[in-house]
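Participant: Chains A and B, in that order, give the protein sequences. What the first sequence shows, in this note's numbering, is residues 712 to 901, in sequence order. What the second sequence shows, in this note's numbering, is residues 109 to 196, in sequence order.
Because the hints were derived from the structure by calculation, they are not lab data. Zero decoy hints are in this set.
Below, in silico cross-link-like pairs of lysine to aspartate or glutamate (EDC-like), each with a Cα-Cα straight-line distance of 16 Å or less: (1) B:129 - A:720; (2) B:118 - B:165; (3) A:717 - B:165; (4) A:717 - B:122; (5) A:717 - B:188; (6) B:129 - A:875; (7) B:129 - A:771; (8) A:717 - B:195.
Here is what each chain is made of, one letter per residue.
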Amino acid sequence: MWLYQKALEYPVRVSGPNPRLAKIVLEQYGGSDGEAGAANRYLTQRYMMPTGMAKGILTDIGTEELAHWEIIATLFYKLMKGVTPAQIKAAGLADYYANHGKDVYLQNAGGVPFTAAYFATKGDPVANLVEDMAAEQKARATYEHILNLSDDPCVNDTLKFLREREVVHFQRFGEVLDNVQTWMNTKKCF
Amino acid sequence: MNKKISQQAKMLREIMSYHFKAVDLTLYLDTHPSDVKALAEYNHTTQILNNLTAAYEQCYGPLTVFGSAMSQYPWRWIEEPWPWQVEF
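Kindly generate the complete structure, drawing on both the sequences and the hints.
Facilitator: Okay, here's the thing in structure tokens:
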């Protein structure tokens, strides 16, 4: 069971309409290293984790990623607010607008729809956790790429918060990997 | 209308900052369950959050449903703004 809290995890502000940037942030909405992939990766991998700590961290980080997914959608919503069809055309979003209008869609910045092929369950807790650590680094790198392309300081503030969370999650997954490896070693003793 | 929203956003923002603190402490405690200081900080943050949330919900309706918070009449959960509409 999940509870929805009627509040974002972090405030979202934009300087004004910016369809070019709206399209770029979709990379973290439905891209290979985006927040939907992260949430589904962790919430799907948690069931067969061997320790309470590993089950807990995957549940809690997976849940936090859902909040980040909402933040990205909010960025898109606010960046598209008040945008005219002429501005959409000039920003190169005509093909997106033709299908989705101003709705957010689960795709990457290049228009590729989201797929479960972006994450794995390997039947091996160490393999899964190492994938999770790599995923956090790839998400951090993606945020840095988007920051390089962004021209809105308000959006950058939110992106920097999200980037920082990837670093914290990487740290926590590293600690859980130690915990799981210790569990595997002690299991062999008896 | 704008004034009402900005007061609401102000209260919401304070809740959000404590809520984030609780999120971060949760992840930390998951991997450091015997850290007495962090646990005390988590419990203290939760207490502040409970008080702030109760005060907010009196003015603007429930922040969570499914049995987590009561609502005044009429059912206030559906009142706008939703999180993505809030102007900070």
